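*Asks:* The lines below spell out each chain.
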Amino acid sequence: EVQLVESGGGFAQPGGSLRLSCAASGFTFGSYVMSWVRQTPGKGLEWVSSISGSGTTRYADSVKGRFIISRDNSENTLFLQMNSLRADDTAVYYCAKSGSGWYLLDYWGHGALVTVSA
Amino acid sequence: DIQMTQSPSSLSASVGDRVTISCRASQSVGGYLNWYQQKPGKGPKLLVATTSNLQTGVPSRFSGSASGTNFTLTISSLQSEDFATYYCLQSYSTPPTFGRGTTVEIK
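Residue numbers (our numbering), protein chains in the order written: chain U, 1 to 118; chain Z, 119 to 225.
Read the hints as simulated data drawn from the structure, not as lab findings. Hints should not be assumed to be uniformly reliable.
So these bits of chain U aren't anywhere near chain Z, every CB distance computed over 10 Å [as the list claims (entries may be wrong)]:
#, residue
1, F11
2, G16
3, F29
4, R86
5, H110
With a straight-line Cα cutoff of 16 Å, these simulated EDC-like cross-link-like pairs (lysine to aspartate or glutamate) come out [to be verified]:
#, chain 1, residue 1, chain 2, residue 2
6, Z, K225, Z, D200
7, Z, K163, U, D106
8, Z, K160, Z, D200
9, Z, K160, U, D106
10, Z, K163, U, E1
11, Z, K225, Z, D119
Given the structure is predicted, the values throughout are model-derived calculations rather than measurements. Backbone N, C-alpha and C fix where the C-beta goes; we use that ideal spot for every residue, glycine too.
Assemble the whole structure, with the sequences as input and the hints as a guide.
*Replies:* Printed below as a string of structure tokens:
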């Protein structure tokens, strides 16, 4: 059974940093593209970033230069380093696995809440 | 970016009703349109991939179809467990983009 469990959410001040982790199990982690997607009541679901099994990365324009996606295939873990945080980064962040291609997101975690506030 | 216009934003229906939800893409997405169900406090669940491919374990009352850049999710006979929010996602191009969601409520 595929399981994705996010951790590392919490509070940060504007300009601060947080690191999210996603522990994966139930599939051959290194063989699949993994992604982060965030959700807010105002903007709905928004793709943040994706990384291939070999480490090629893609980012939304809204986070490019501030967020870094990475993965440890030996530990079956996905990461999102979030720097220079802004109030509009406040969201629930989901880790998601791709089924085929880059963006057919077939399994999602339960999410981690990130709140950016002074 | 490809814009996904989803409608309606909400609907009220009764158990047994036929329900249709639409997503219109601002340009071709090559059939790479996926439908998700989300319940409160949980991540989205993939129901239908690439227009009409029902995922394993998803009840056959769910189906997807397309006409050009207009895509439809149909629930043939609404069940109590289907009350949720539904989203479309185009996975054709970067950035992937979502519809704003349709909340299906109990009438």
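*Asks:* With reference to the structure, classify each hint as holding or not holding.
*Replies:* How the hints compare with the structure:
1. F11: 20 Å, holds
2. G16: Correct as stated: the minimum Cβ-Cβ distance to chain Z is 25 Å, above 10 Å.
3. F29: 17 Å, holds
4. R86: The claim holds: R86(U) sits with its nearest Cβ about 18 Å from chain Z, beyond 10 Å.
5. H110: Per Cβ check, H110(U) is inside 10 Å of chain Z; nearest 6 Å; violated.
6. K225(Z) <-> D200(Z): 13 Å, holds
7. K163(Z) <-> D106(U): 7 Å, holds
8. K160(Z) <-> D200(Z): 14 Å, holds
9. K160(Z) <-> D106(U): Holds, because 14 Å separates the two Cα atoms, which is no more than 16 Å.
10. K163(Z) <-> E1(U): Holds, because 14 Å separates the two Cα atoms, which is no more than 16 Å.
11. K225(Z) <-> D119(Z): Roughly 36 Å between the alpha carbons, so the hint for K225(Z) and D119(Z) is violated.
Going through the hint list in order, the structure does not satisfy hints 5, 11.
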